[in-house]
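Chains as they are written, first to last, in the numbering used here: chain A, 147 to 691; chain B, 14 to 545.
Among the clues, some could well be false.
Claimed, not checked - DSS-like mimics (lysine-lysine), calculated; alpha carbons at most 27 angstroms apart, straight line: (1) A:K324 with A:K446; (2) A:K228 with B:K194; (3) B:K386 with A:K228; (4) A:K446 with B:K241; (5) B:K208 with A:K248; (6) A:K321 with A:K446; (7) B:K386 with A:K647; (8) A:K253 with A:K355; (9) B:K204 with A:K253; (10) A:K318 with B:K104; (11) B:K20 with B:K241; (12) A:K248 with B:K230; (13) B:K108 with B:K31; (14) B:K108 with A:K342; (15) B:K193 with B:K116; (16) A:K355 with B:K104; (17) B:K124 with B:K108; (18) A:K228 with B:K192; (19) A:K253 with B:K237; (20) A:K446 with A:K248; (21) B:K241 with A:K152; (22) B:K20 with A:K253; (23) A:K653 with A:K468; (24) A:K342 with B:K204; (25) A:K446 with B:K237; (26) A:K373 with A:K324; (27) A:K446 with A:K325; (28) B:K116 with A:K355; (29) B:K204 with A:K152; (30) A:K468 with A:K687; (31) A:K595 with B:K386; (32) A:K373 with B:K31; (33) B:K31 with B:K20; (34) B:K315 with B:K344.
To be verified - Here are some chain B residues the structure puts well away from chain A; computed CB gaps all over 10 angstroms: (35) S92; (36) S99; (37) E189; (38) A256; (39) Q262; (40) Q379.
Because the hints were derived from the structure by calculation, they are not lab data. Note that the coordinates shown come from a computational prediction; the quantities given were computed from them, not determined experimentally. Here a beta-carbon is modelled for each residue, glycine too, at the ideal position from N, C-alpha and C.
Each chain is listed here by its residues.
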Amino acid sequence: MCRYFKRQIPSILGLIIFILLKVFFLNRVSVLKGQLIDTAIGKTAMTLSEVVFLFTFSLLFYLLASYLLGITRYAVKMNIMKDLQDDFFASSLLRDRVSIRKLDISKAVSSYTAEINVVDNQFLRMGGNLFEYIVGIIITLTSIALIAPHMAIVSLLAYVLPIFFTKTQQNKLSKAQKKFQAENDRHTDSFLQKLKGIEAIKNYHIEDKIFNLFNSSLDTLVNEDIKRAETRAGTNGISSALTYVSQAIIAGYSVYLVFRGEISAGDFVSIFALSSAISSQIYWLARSVESVLSARPAVKSVLEYIDFSNNNSSSLPVNQTKDDSLALQINNLSFSYGEHQILNDLNLSVKKGEKVLILGASGTGKSSLMSLITGYLVPDAGEIYLDKTNRSELITLVEQDAFIFRGTLENNILLNNVAEREETKTSDPQNDEEITKLIDKLGLSNLWKEGQTVDQRGRNLSGGERKRLALARGFLKNTEILILDEPLANVDADNIERIEKLILGIKNRTVILISHQVSDYLYSGMDTVYELNSGKLRCLKPGEF
Amino acid sequence: MKRKTKKFTFFSLIFAQKYLFLLALLLIFISEGAIHIFQFVKGAMVELAITGNSNALRTELFKFVALVLIIPISFYLYSKVYLRISALCVKNLRKAIFDSILKRSYSQFIKHNEGRYLNAYTNQINILEGSFFQSVFGFLQIVGTSIPGLFLIYTIYPPLLIVSFIGIVLAVALPELLKKKIVRLEKEAIKADEKNLSLLNEFLNGIETIVNFSREKFFIGRFKASTKQYNQLRKKWFRNMAAGFDIAQLILNIYSVASLFIIAMVVSDGILSIGDYIAVLGILFNFTDNLPYTSYYLQQFKAAKENLNYINETLSYEEETTVKDAVFLNKIDHIHFDNITFSYPDNDKEILENFSLQINERGITQIQGESGKGKSTLLSLLCGYYPVDKGQIKLSDIPLQQIANLNELVTIMRQESIFFDGSLADNLTMYRPVSDEVLIQGLQRLGLTHLAKAEVLHAPLSEYSGGEARRLMVLRALLRQSEIIILDEPLANLDPESIQLLEEVLTEEDNRFLLVITHQAISIPAKLTVHI
């Protein structure tokens with residue numbers, strides 16, 4: 147967490163100054179309040195206007211300092227939150243591909259909402275007051291020390307008790323928070339899942355069943371929430387009891403000192419007043435400490451998520467092909483899902499610029515093979531050699547079910563390149579022409595011209611339109627290798643021909659196309675054709691490439 | 014259409030927990046009362062210690078110890094009750110949100126994007142939990158301590174009560190000037206929050222696409238812009254809140270000095286004693302310390318209202334009109350699209366124009382057509398998701414909107430595979446009781462023999478390939494013995510062998526209306542083929 151505070155150092159320094167100013171002017175205001183009255187009844191040498199002026203001046207500065215303190219503290223909190231949120235998202239995208247495939251989106255969303263909320267409210271907001279309480283306590287203790295030095299030490303010892311107690315409860319607090327967090331992750335997951343399946347729920351008319359499932363999940367969550375709250379309330383209750391006990395100890399000790407005649411009755415009153423002031427400060431200090439301690443599992447969990455990409459890299463490093471003419475070489479590749487052997491000692495080499503077709507029935511492992519090449523899966527054995535070590539610069543994969551973003555069609559095809567192109571002025575007419583041509587060839591020009599906006603998950607597009615949109619993306623990203631996973635699924639006859647022509651017309655790129663079935667036209671147009679069967683590739687049409 | 018709203022108000026939320034709430038009130042009064050008495054006991058102890066009256070001191074000491082116990086215990090119980098109330102209120106809100114999502118029609122559901130439901134369900138409830146309960150209970154605590162204070166002022170010097178009233182009213186009323194701005198900023202912040210969550214949810218779902226096209230930097234940039242917007246709105250919001258707090262503090266300080274002035278004058282005239290002066294000093298100290306929070310809590314309360322409004326708006330939806338003489342259909346003789354014209358709401362483009370189709374025979378009806386020509390739309394209309402602009406859709410000559418049990422008659426399988434929590438069996442039967450034999454037989458017929466085992470059926474879900482998932486979805490649809498089954502591209506991405514198996518299975522289902530969308534490349538043994 148330190149690094150997040152470090153980024154806010156100037157503001158934190160400001161905070162310290164504002165705290166000192168606030169305390170100073172508060173003190174002045176209190177003193178001047180007394181003098182104001184004394185002057186009014188003629189007990190001081192100052193004129194009333196002098197005191198009024200000083201009082202107003204101090205009051206305004208006190209208010210200014212406390213305003214600045216408040217907004218700076220809030221700004222520090224919000225800035226840290228923003229950094230955390232940004233890093234949270236960035237770390238999701240920047241982790242290695244194997245981890246991306248394994249990413250539990252619902253858990254991430256739950257962590258982003260619930261855990262960051264705990265960090266916000268319990269850790270940063272309550273923790274933000276700690277320093278102010280400590281400054282307040284130090285000042286009060288100093289005042290007591292000026293009256294009776296050893297009294298200050300007794301007060302300090304007595305008051306450390308509740309905080310010390312809170313600290314001993316750390317494990318209990320953490321455990322309750324962790325249990326709640328786990329339950330909350332589960333619950334959010336189930337909520338998100340149901341949002342996605344709402345049409346099926348309605349269609350199968352299982353609203354009642356789903357509502358009951360949801361309800362029992364919510365009940366468990368609320369029970370954990372109440373348990374966590376009770377653990378916290380218990381800790382707070384005992385620490386506040388200890389605060390009062392401390393007060394009693396101080397009172398007892400003071401009475402003893404008065405009996406012994408070591409301090410005067412007046413001093414006793416002062417000490418008692420001061421210790422009462424401390425007791426509320428200590429109580430809040432203990433509560434803040436409790437809050438911060440309770441929030442620790444959430445802080446830890448969020449930071450672990452953010453640091454994931456730094457600490458874990460399960461993707462294998464890419465080996466560079468030894469033969470310059472090859473775009474891809476696979477040696478003795480094996481892969482299995484649990485006991486289910488998918489690929490078995492598979493070999494493949496693809497030359498630069500070659501068009502390779504891999505045929506295979508569903509479930510034979512075509513998509514797994516592509517995921518291995520693109521680094522989303524790790525092979526059990528064997529090596530994959532690529533032309534460049536950075537997969538992103540080398541390969542474009544058009545997935546079978548490409549994700550469609552909300553926004554304009556243009557943004558969806560260029561994947562938000564639009565704004566960037568305008569910003570960096572890289573938009574050149576030739577490129578624009580190329581895009582328009584491609585859109586036309588894919589039969590998307592009507593939608594493109596209409597400036598079609600795309601709904602969430604592309605709900606307002608047909609399956610074929612979504613597919614062609616995804617293909618446009620792939621064609622436009624100019625990488626050495628283009629992998630097309632079932633590019634013709636859901637596409638109607640008229641467009642199939644167009645797309646086949648487009649694929650066969652690709653020049654200077656290596657194309658790997660996987661499909662369960664293709665037309666004779668596409669079959670004959672591809673350089674090399676393999677069939678994937680029981681984990682191995684069999685060459686159906688040797689390449690003359 | 015009737016607007017269905019279950020509106021929560023702060024009152025209704027609290028009222029649902031009225032007994033707990035009363036208990037919380039009782040406990041906070043005990044706790045605050047004990048704190049007041051504690052101050053008196055302390056004073057008495059000092060006096061007795063000085064005078065050396067050990068008997069009386071013992072009684073006071075006993076009281077002191079009792080109070081030391083009562084205060085934290087009552088406060089502990091109060092916290093417990095308070096936290097329970099807040100957890101139960103949140104639970105009711107969450108239940109209502111989920112209930113309203115389930116109860117609204119699908120076409121109503123897709124009017125909001127998922128981020129909105131998620132935002133209402135998570136962030137807005139969290140904020141509400143924090144701000145609303147803090148302000149309500151904080152406010153109660155202030156009222157609990159200031160009423161005795163005002164009473165004491167009255168007993169000491171009645172005219173001062175008027176000054177106090179003016180001071181307090183001003184301190185509460187003047188920050189109200191900022192109210193409009195705070196409410197507006199809160200609204201904007203809620204929107205920004207929704208946007209941020211939508212982006213997170215969407216981008217994480219599309220993460221592989223983003224990575225495949227190495228667009229990480231840009232998407233991170235877009236996300237950062239959204240957190241930045243939220244951050245700035247919240248900071249602005251807080252500056253106004255803090256300003257309101259400061260105004261209240263300023264007024265209360267002026268008021269307290271003015272009051273002390275008045276009291277000092279009265280004391281110097283010899284009407285009141287120095288002890289009275291000290292008592293007023295203590296009360297005023299309490300006021301300037303606590304009362305600024307009144308306005309802060311009030312502002313927060315108003316801001317929290319916006320969160321609740323947002324949740325209420327998310328809860329509301331147009332309820333489908335129930336037709337008076339709705340008919341229950343058991344058997345369908347024919348399906349008739351009678352000259353229908355349709356365009357989506359908020360879009361002028363007509364997807365279907367004067368389209369007619371009559372299906373008389375059970376078994377497979379294949380629907381082919383270019384993408385974008387309205388195949389899926391046609392079937393959404395048959396499900397009753399949208400009203401048609403012109404024409405009528407009839408089942409057995411009864412218009413769709415007059416059929417009470419339409420949902421039971423039609424089952425739709427979309428292209429996307431959706432799984433729910435539970436076992437594979439739960440997912441196939443959709444939580445209805447169906448014997449294992451039926452399921453195993455169904456799986457075997459579709460060539461999913463490796464899944465056709467009781468132990469697999471009742472184990473949690475595992476990963477399925479695209480083709481497997483598709484076939485599972487088909488089986489789910491077939492298992493529901495509805496009169497009409499709609500299958501949207503059931504054959505896409507399947508290999509020839511699976512296609513053949515599936516075709517056989519579908520052909521055997523000749524006792525129902527099977528509406529199958531396929532693209533033109535595939536022809537299946539259909540009783541009727543329609544081109545759109």
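To see whether the hints hold, each was checked on the structure:
For a cut-off of 27 angstroms, the pair hint linking K324 (chain A) to K446 (chain A) stands: about 10 angstroms separates their Cα positions. Straight-line distance between C-alpha atoms of K228 (chain A) and K194 (chain B) comes to about 23 angstroms, which keeps the hinted pair within the 27 angstroms bound. For the hint pairing K386 (chain B) with K228 (chain A), the CA-to-CA distance comes to about 45 angstroms; that exceeds 27 angstroms, so the pair is violated. A distance of roughly 24 angstroms separates the Cα atoms of K446 (chain A) and K241 (chain B); the hinted pair therefore holds under the 27 angstroms criterion.
Taken as a hint, the K208 (chain B) and K248 (chain A) pair is honoured in the structure, with Cα atoms around 25 angstroms apart against an allowance of 27 angstroms. Simply put, K321 (chain A) and K446 (chain A) have alpha-carbon atoms about 13 angstroms apart, close enough for the 27 angstroms limit, and the pair holds. Distance hint between K386 (chain B) and K647 (chain A) is fulfilled; the C-alpha atoms sit about 23 angstroms from each other, no more than 27 angstroms. In summary, the hint linking K253 (chain A) to K355 (chain A) is supported, as the alpha carbons are separated by about 24 angstroms, within the 27 angstroms threshold.
Only pairs whose Cα atoms come within 27 angstroms are accepted, and K204 (chain B) paired with K253 (chain A) is accepted, the gap being roughly 23 angstroms. Distance restraint check for K318 (chain A) and K104 (chain B): the Cα-Cα separation of roughly 25 angstroms lies within the 27 angstroms cut-off, and the hinted pair is therefore satisfied. Pair hint K20 (chain B) plus K241 (chain B) does not hold up; C-alpha atoms about 32 angstroms apart against a cutoff of 27 angstroms. Taking the CA atoms of K248 (chain A) and K230 (chain B), the gap is near 21 angstroms; set against the 27 angstroms cutoff, the hint holds.
Between K108 (chain B) and K31 (chain B) the alpha-carbon distance is near 19 angstroms, which keeps this suggested pair within the 27 angstroms criterion. For the given pair, K108 (chain B) sits about 18 angstroms from K342 (chain A) by alpha-carbon distance, which is consistent with the 27 angstroms threshold. Between K193 (chain B) and K116 (chain B) the CA atoms are separated by roughly 35 angstroms; this puts the pair beyond 27 angstroms, and the hint is violated. Of the pairs offered as hints, the one joining K355 (chain A) and K104 (chain B) holds, with about 19 angstroms between alpha carbons and a cut-off of 27 angstroms not exceeded.
In summary, the hint linking K124 (chain B) to K108 (chain B) is supported, as the alpha carbons are separated by about 20 angstroms, within the 27 angstroms threshold. The suggested pairing of K228 (chain A) with K192 (chain B) holds, with an alpha-carbon distance near 26 angstroms, which does not exceed 27 angstroms. Of the supplied pair hints, the one linking K253 (chain A) and K237 (chain B) holds, its CA atoms being roughly 21 angstroms apart against a limit of 27 angstroms. For the hint linking K446 (chain A) to K248 (chain A), the alpha-carbon distance of about 20 angstroms falls within 27 angstroms, and the restraint holds.
Between K241 (chain B) and K152 (chain A) the CA atoms are separated by roughly 19 angstroms; this keeps the pair inside 27 angstroms, and the hint holds. Taking the CA atoms of K20 (chain B) and K253 (chain A), the gap is about 30 angstroms. The hint is violated against a cut of 27 angstroms. The suggested pairing of K653 (chain A) with K468 (chain A) holds, with an alpha-carbon distance near 24 angstroms, which does not exceed 27 angstroms. About 22 angstroms separates the Cα atoms of K342 (chain A) and K204 (chain B), which keeps this hinted pair within 27 angstroms; it holds.
Restraint check: the Cα-Cα separation between K446 (chain A) and K237 (chain B) comes to about 22 angstroms, which is no more than 27 angstroms; the hinted pair holds. For the hint pairing K373 (chain A) with K324 (chain A), the CA-to-CA distance comes to about 12 angstroms; that is within 27 angstroms, so the pair holds. For the hint linking K446 (chain A) to K325 (chain A), the alpha-carbon distance of about 14 angstroms falls within 27 angstroms, and the restraint holds. Our distance criterion of 27 angstroms between C-alpha atoms is met by K116 (chain B) and K355 (chain A), whose separation comes to about 13 angstroms.
The hinted pair formed by K204 (chain B) and K152 (chain A) fails the criterion: a straight-line CA distance of about 30 angstroms is larger than 27 angstroms. Between the alpha carbons of K468 (chain A) and K687 (chain A) the distance comes to roughly 25 angstroms, so the proposed pair stays at or under 27 angstroms and holds. Between K595 (chain A) and K386 (chain B) the alpha-carbon distance is near 18 angstroms, which keeps this suggested pair within the 27 angstroms criterion. Using a Cα cut-off of 27 angstroms, the hinted pair K373 (chain A) and K31 (chain B) holds, with the two alpha carbons roughly 21 angstroms apart.
For the suggested pair K31 (chain B) and K20 (chain B), the alpha carbons sit about 18 angstroms apart, so the restraint of at most 27 angstroms is met. A distance of roughly 55 angstroms separates the Cα atoms of K315 (chain B) and K344 (chain B); the hinted pair therefore is violated under the 27 angstroms criterion. Its closest Cβ contact with chain A, about 4 angstroms, brings S92 (chain B) to no more than 10 angstroms, contrary to its assignment away from the interface. For S99 (chain B), the requirement that its beta carbon stay farther than 10 angstroms from each beta carbon of chain A is not met, with the minimum near 8 angstroms.
No Cβ of chain A approaches the Cβ of E189 (chain B) within 10 angstroms, the least distance being about 18 angstroms, so the stated non-interface status holds. Here A256 (chain B) does not stay apart from chain A, with its beta-carbon only about 7 angstroms from theirs, under the 10 angstroms limit. The Cβ of Q262 (chain B) does not lie farther than 10 angstroms from every Cβ of chain A; its closest approach is about 6 angstroms, which violates its non-interface assignment. The claim that Q379 (chain B) lies off the interface holds: its Cβ sits roughly 13 angstroms from the closest Cβ of chain A, which is beyond the 10 angstroms cut-off.
Checked against the numbered hints above, the structure breaks hints 3, 11, 15, 22, 29, 34, 35, 36, 38, 39 and satisfies the rest.
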